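Number of protein chains: 4
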Amino acid sequence: MKTTVKKPPMGWNSWDCYGASVTEAEVLANTNYMAEHLKEYGWKYIVIDIQWYEPAAKSADYNWGAELVMDEYSRLLPAENRFPSAAGSAGFKPISDYIHSLGLKFGIHILRGIPKQAVRKNTKILGSSATAAEIADIGSVCSWNGDMCGVDMTRDGAQEYYDSIISMYADWGVDFIKVDDIARPYHKAEIEAIRKAINKTGRNIVLSLSPGEAPICEAVHLSQHADMWRMTDDFWDGWEQLKKMFDYCRSWFPYVKEGCWPDCDMLPLGRIGIRSHGGDRMTRFTKDEQCLMMTLWCMFRSPLMFGGDMTYNDDFTLSLMQNRGLIEINQNSHAGRELYRKGNEIAWAANGEEGIYYLAQFNVGEHEIEVQTPLSFMGIEKPCVAHELWTGKENTGNIIKSIVPPHGVCLYKIKL
Amino acid sequence: MKTTVKKPPMGWNSWDCYGASVTEAEVLANTNYMAEHLKEYGWKYIVIDIQWYEPAAKSADYNWGAELVMDEYSRLLPAENRFPSAAGSAGFKPISDYIHSLGLKFGIHILRGIPKQAVRKNTKILGSSATAAEIADIGSVCSWNGDMCGVDMTRDGAQEYYDSIISMYADWGVDFIKVDDIARPYHKAEIEAIRKAINKTGRNIVLSLSPGEAPICEAVHLSQHADMWRMTDDFWDGWEQLKKMFDYCRSWFPYVKEGCWPDCDMLPLGRIGIRSHGGDRMTRFTKDEQCLMMTLWCMFRSPLMFGGDMTYNDDFTLSLMQNRGLIEINQNSHAGRELYRKGNEIAWAANGEEGIYYLAQFNVGEHEIEVQTPLSFMGIEKPCVAHELWTGKENTGNIIKSIVPPHGVCLYKIKL
Amino acid sequence: MKTTVKKPPMGWNSWDCYGASVTEAEVLANTNYMAEHLKEYGWKYIVIDIQWYEPAAKSADYNWGAELVMDEYSRLLPAENRFPSAAGSAGFKPISDYIHSLGLKFGIHILRGIPKQAVRKNTKILGSSATAAEIADIGSVCSWNGDMCGVDMTRDGAQEYYDSIISMYADWGVDFIKVDDIARPYHKAEIEAIRKAINKTGRNIVLSLSPGEAPICEAVHLSQHADMWRMTDDFWDGWEQLKKMFDYCRSWFPYVKEGCWPDCDMLPLGRIGIRSHGGDRMTRFTKDEQCLMMTLWCMFRSPLMFGGDMTYNDDFTLSLMQNRGLIEINQNSHAGRELYRKGNEIAWAANGEEGIYYLAQFNVGEHEIEVQTPLSFMGIEKPCVAHELWTGKENTGNIIKSIVPPHGVCLYKIKL
Amino acid sequence: MKTTVKKPPMGWNSWDCYGASVTEAEVLANTNYMAEHLKEYGWKYIVIDIQWYEPAAKSADYNWGAELVMDEYSRLLPAENRFPSAAGSAGFKPISDYIHSLGLKFGIHILRGIPKQAVRKNTKILGSSATAAEIADIGSVCSWNGDMCGVDMTRDGAQEYYDSIISMYADWGVDFIKVDDIARPYHKAEIEAIRKAINKTGRNIVLSLSPGEAPICEAVHLSQHADMWRMTDDFWDGWEQLKKMFDYCRSWFPYVKEGCWPDCDMLPLGRIGIRSHGGDRMTRFTKDEQCLMMTLWCMFRSPLMFGGDMTYNDDFTLSLMQNRGLIEINQNSHAGRELYRKGNEIAWAANGEEGIYYLAQFNVGEHEIEVQTPLSFMGIEKPCVAHELWTGKENTGNIIKSIVPPHGVCLYKIKL
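Chains as they are written, first to last, in the numbering used here: chain B, 412 to 827; chain P, 412 to 827; chain F, 412 to 827; chain L, 412 to 827.
What the hints contain is simulated information worked out from the structure, not anything from laboratory work. Warning: the hint list may mix true and false statements.
If several chains are the same, the list does not tell them apart, and a pair holds so long as it fits within one copy or across any two.
What the hints assert, rightly or not - Taking lysine-lysine pairs in the BS3-like style, the calculated list, with each CA pair at most 25 angstroms apart, reads:
id	residue 1	residue 2
1	K698	K413
2	K826	K793
3	K793	K417
4	K469	K793
5	K607	K812
6	K655	K753
7	K611	K418
8	K753	K599
9	K793	K824
10	K417	K753
11	K450	K418
12	K824	K418
13	K417	K812
14	K469	K698
15	K753	K413
16	K417	K698
17	K418	K804
18	K753	K418
19	K413	K804
20	K417	K611
21	K668	K812
22	K668	K753
23	K469	K804
24	K607	K417
25	K793	K418
26	K654	K698
27	K793	K668
In this text, all values refer to a predicted model and were calculated from it rather than measured experimentally.
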């Protein structure tokens, strides 16, 4: 019985810019920026990504065997050298309070399981007489990070462990939890345990599952237990990955509905890679590619989690985040769907309020093409007026004709 | 500048029941049956398939090196032992005349190229001083039949050869030519030569290309030169092939338009295999599968070429051919399109006359499923009344819910 | 500095007949049989295979999560319900003593690592202040058995753990240890730790590594640390596996030398599968296949570990084990090598004492063939007399000609 | 009943240096060079490769549709612009006479089949009333050259065609015919026809079949009808191809015997690519690679057909061709065989005259290695003296130890 998240969450995540190493100062700077420039457009969540409990984290690489900050109950805590406000066992409460004071929401990333370090030290589990080694699912470990060991949900103390961490996060004021190493391979029992632990807190916390590809054969289970989940592996600023996203969106769009948000992953826009993969840079996507990406994410109604350090936004990047037309589609359209593919042409449609429709004409090829979309494919049988949202141009008739640049898109708002 | 074929051709083809061996008597029996039972529903073409020039043909297997009936100009002629009315150099004219006399139309199958036998005998080409060996594209042969050798269109006499056979067919009264061994591999120059030869006759002859898969990258060239073309290799009565047809239809539906009819291949229904592949039988498709197949062929607007010997039709088979609701969709709907796939559920939509829409809900899995299709995916934003065409049941609302049997379909006519 | 094992070990192993479930009575019955019938031919080792510490083991299937017999120092002990003589903390000492009293040698199977159960209970490590959870390599687990967790050799207490188990085995009088889950994937550090622990005991213990395929790129490391190692995954009584063994033997024969015995795996002969894979049966190999297999194992100089319950041996099976000619090749020949392959013919040669050579002509096809092997391929340049060892027939000349049945072999002893 | 070719043929072929375009002057220059420098070492054949009948040939690329020089009987003749001595219908007789006058032998390349041009013109067949188009196997064409069409050996006149060309070649004095496009795919009937035609001439003509891979399952048929045949596709001066040759030689060495010479293809040494593939160059093989290649070709007893224009030989290249030790192995050893592979080490052995053995130790890796070959693998059981043939160094003992450079070889002559 999860609480429903009514719109695709919009926010910022520290991974694309700072990998595993973001600091309190960087989080607060982005918080202030969002409050000032983006809050009114719907942007809301500030999410601290992986390894906030790792004092030595410096980049997107993990120090295998690192000593993590952990309490006596096997629970990881913020590294105070990176998050000074966590001193005195305050955890993320001070940061969370500050974010809330600006009208925003606070999220964190965690990895499935219990720290290996807790297993080795065989520390206690809050609310249970079991110890860490007793509940560990020895052998169930993440293939790409060495911090954790899975929890064997058949053992006494296992649910208590998840309850103990989630209730601590709720006490901190966490509004969003991205749980990693849980959706591929798919760990059903631990997903259920986390959902149960969230429900026990009584707090409205968004549950986001990673990494992808989440298995589409688990679409029903995902819908019942999570609010959003990754369709793909980590997404970065490369064209082949972006092109491939059309396949994921085609497969998943019939499952999109209120409270069920398949996730195209973070938007690797603006300044990224500062201490993360690929090196410090402005996004490698061209402007056409950025427009295409934003259009696809919005027509599909993916969560929008911005990946760059927003304080370095240039005008173009900021304009993408403040584009009310796009955000309206993302937050309020419905029935987003791929209409057809024809050579390098991919068309998507969505429906808006009374008498409003959207049509996106993507060009995934390397050459400009002329696209002609019959409105009849959208169920519309009379000539209409269509406004292109990126250029403001008008187009009328039964068939919407456009010249679309390579890697680009035309996006129409159509009034019956 | 081909003449436009305004509706998907509907007819009968001898291959599925008689392979390479159909006789005049069998053709006429099916002609009479069509005239009596099916003509008023739109069925029209009677097509004699491969090797009507092979006196010894007995089945769907080819006699490699067989002596073919050929005139002095390298042109193949009907084998008189199989088609007695062809005696006295009459060709197919008598059969054609008879078919026309009943208000139907006449078609034949040919293989790309010139007979190897003509090359060996080095016979003449009508209207040219070149001889068969001179125009042959030695080495360009069919991989599955040994009768012919390709024509090298760069040689003098090559176009004259195609002109000479097509004009003879026109003289016979042929209305439909299925050219085989031409669409996979794709023989561009010979396709163009045949189109040119047809145009020269001034006769309205449907040009159908085989076998598939015709290359989708040649969609434009196909549209300009042919009236219909095969999307797939030969289709028979097996479920896996039928299921796979959904992929072909998804790829090709954006290309369907007046005069351009991608072809799902013959309907292997009723009594087939009499002297063809798989043995004498009533179709192996279950009734659910037959309904599903007819629905897909009609929503996609494939040509409908019936493959069984119609004189053995049972009531169910005949009822499929006389289903006016289905035929209306096939002949007169537009914008047929796949809406989405969700697990084993595949939904298609098409638009009819003013305010009429069609929705097909297919179940390609092995278990009954409940399907719920939001009308918003069809662009419809208000509750509607929907009539199921196979059962007559009524369904209302914004979301069309159905229980669909395995390998089955529900097909709705929706009125706004 | 391992002690050298001078000849390929010959013995019996309980896996093929009793899976994980052999009992003391069965072990002793086979011991007595070997002492009486086979000892004089060189058969020596009695090896108890996997899970002798699992009270509930009933077959070759593993009970995941079973409660194992373990001492306070994380060391597994024989299940007394299966091995009554182990009562009173005697371990395998009584069985070992009995085997030694008959002039034979005693071996056991172990799995790499420390019991998961020890990690969960966080039990002690003898000779160290570390505990089980502290030395565990969490995440390094066997893919096909759930008993153990790897040991992280970088941790204090890790070497002590291996020392503590191996010295206990030495105290029991163990002469042979088959370590499983260690050679594929290849666990270098734990192989070295076990070698070191064996050396510390001062006891001459054969170290056998499983499962295969052991990586051939580790041939040097294997030679330095182990006495024998598996070239293949588990071998059973199927022809395709037997045929494939020729490929493994061709790759590995250059590495065979005193103390380095690549292993073709157990001989699945006689009565096998009693409580193991494939069901209770006499071997499925035909007599020809058994002769071929014994010939290949002996020419290659594989260890010979008999897999059936010997007390059920029929005359033919016993005759294979008592074949002095074969055993002589296995124990005392050298330079065993594949000579050539020619169609379904595979020829092997080996050298014996002064002026003695062996030639095996295998037929891996489905039809009888005539094989002609020029002795020049063995470096012999004069006509010789050759005695066929399976039939006693004589053959002379420069070229050895034989009629070899399908799946069969001719094996010659050649005197210069 | 072919005549036996007692030793692997040694000679020169024009392909590697001049592709399809060699001229009379170039042929004669190489003839003179061979007579002067190489004849006494056993080099004998001068072979003109493909398309000597193509006046416009300029390189290793083929002009598709080129007009070929052909007589009235469908037989191709030397292009007089390239071979002036062929004027007046002399064919290759003058060149052949000259070559013979120097004590050498003359060979030509032909393509399977009859010219397409003959089929198109439907020219006559000498000794038959059939015409070219009548005997053509339409559709049986070469995939990489457009000159010819296969001959259907079931037709009257087919054998006569092959007789007519081969007897003309015999009249010219041809001693060697390399027939191309015949061994892959394998054209059994035409191979037999050519063998029959050669036998009819009564002349001792070597029959060489191309291209490879000739199918090893046809080893018996090849042995009965041809004198040499290609094991591989075209071989050029690249390491990966050279390394791969070890696999071919391992598969084929058991089939090598007097009159049956599986062929490693031409030696791309000295100056090659002048008007052929890869551009004008001295061979890209390093000296080590050239020594390795020569050693393998000789131990295997491949035909030795030199590919470079010999008149440009440098000292090193000439020294390879004049290496009596190597040539002795190639011409007179027997039982050449792969002994074993061990990592990057591949060892070969062969036997010489009474008490002489050869051992080659190849290093196919990228780093120097120490190789130790026990003589027991060659059947030798006493210490011997071994002379390294490339360096002259001596080595004694039971085990031959060498330091072998990457891509290099040590080659020993061993005396018992």
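Right, here's what the structure says about each hint:
{"no.": "1", "hint": "K698 with K413", "in the structure": "neither (38 angstroms within a copy, 43 angstroms between copies)"}
{"no.": "2", "hint": "K826 with K793", "in the structure": "both (11 angstroms within a copy, 16 angstroms between copies)"}
{"no.": "3", "hint": "K793 with K417", "in the structure": "between (33 angstroms within a copy, 22 angstroms between copies)"}
{"no.": "4", "hint": "K469 with K793", "in the structure": "neither (59 angstroms within a copy, 55 angstroms between copies)"}
{"no.": "5", "hint": "K607 with K812", "in the structure": "neither (51 angstroms within a copy, 32 angstroms between copies)"}
{"no.": "6", "hint": "K655 with K753", "in the structure": "both (16 angstroms within a copy, 19 angstroms between copies)"}
{"no.": "7", "hint": "K611 with K418", "in the structure": "within (23 angstroms within a copy, 63 angstroms between copies)"}
{"no.": "8", "hint": "K753 with K599", "in the structure": "between (38 angstroms within a copy, 21 angstroms between copies)"}
{"no.": "9", "hint": "K793 with K824", "in the structure": "both (15 angstroms within a copy, 20 angstroms between copies)"}
{"no.": "10", "hint": "K417 with K753", "in the structure": "between (34 angstroms within a copy, 22 angstroms between copies)"}
{"no.": "11", "hint": "K450 with K418", "in the structure": "within (15 angstroms within a copy, 56 angstroms between copies)"}
{"no.": "12", "hint": "K824 with K418", "in the structure": "within (20 angstroms within a copy, 33 angstroms between copies)"}
{"no.": "13", "hint": "K417 with K812", "in the structure": "between (34 angstroms within a copy, 24 angstroms between copies)"}
{"no.": "14", "hint": "K469 with K698", "in the structure": "neither (30 angstroms within a copy, 51 angstroms between copies)"}
{"no.": "15", "hint": "K753 with K413", "in the structure": "between (40 angstroms within a copy, 23 angstroms between copies)"}
{"no.": "16", "hint": "K417 with K698", "in the structure": "neither (30 angstroms within a copy, 44 angstroms between copies)"}
{"no.": "17", "hint": "K418 with K804", "in the structure": "neither (29 angstroms within a copy, 36 angstroms between copies)"}
{"no.": "18", "hint": "K753 with K418", "in the structure": "between (31 angstroms within a copy, 22 angstroms between copies)"}
{"no.": "19", "hint": "K413 with K804", "in the structure": "neither (43 angstroms within a copy, 36 angstroms between copies)"}
{"no.": "20", "hint": "K417 with K611", "in the structure": "within (21 angstroms within a copy, 65 angstroms between copies)"}
{"no.": "21", "hint": "K668 with K812", "in the structure": "between (30 angstroms within a copy, 17 angstroms between copies)"}
{"no.": "22", "hint": "K668 with K753", "in the structure": "between (27 angstroms within a copy, 14 angstroms between copies)"}
{"no.": "23", "hint": "K469 with K804", "in the structure": "neither (47 angstroms within a copy, 59 angstroms between copies)"}
{"no.": "24", "hint": "K607 with K417", "in the structure": "within (20 angstroms within a copy, 61 angstroms between copies)"}
{"no.": "25", "hint": "K793 with K418", "in the structure": "between (31 angstroms within a copy, 22 angstroms between copies)"}
{"no.": "26", "hint": "K654 with K698", "in the structure": "within (15 angstroms within a copy, 41 angstroms between copies)"}
{"no.": "27", "hint": "K793 with K668", "in the structure": "between (29 angstroms within a copy, 18 angstroms between copies)"}
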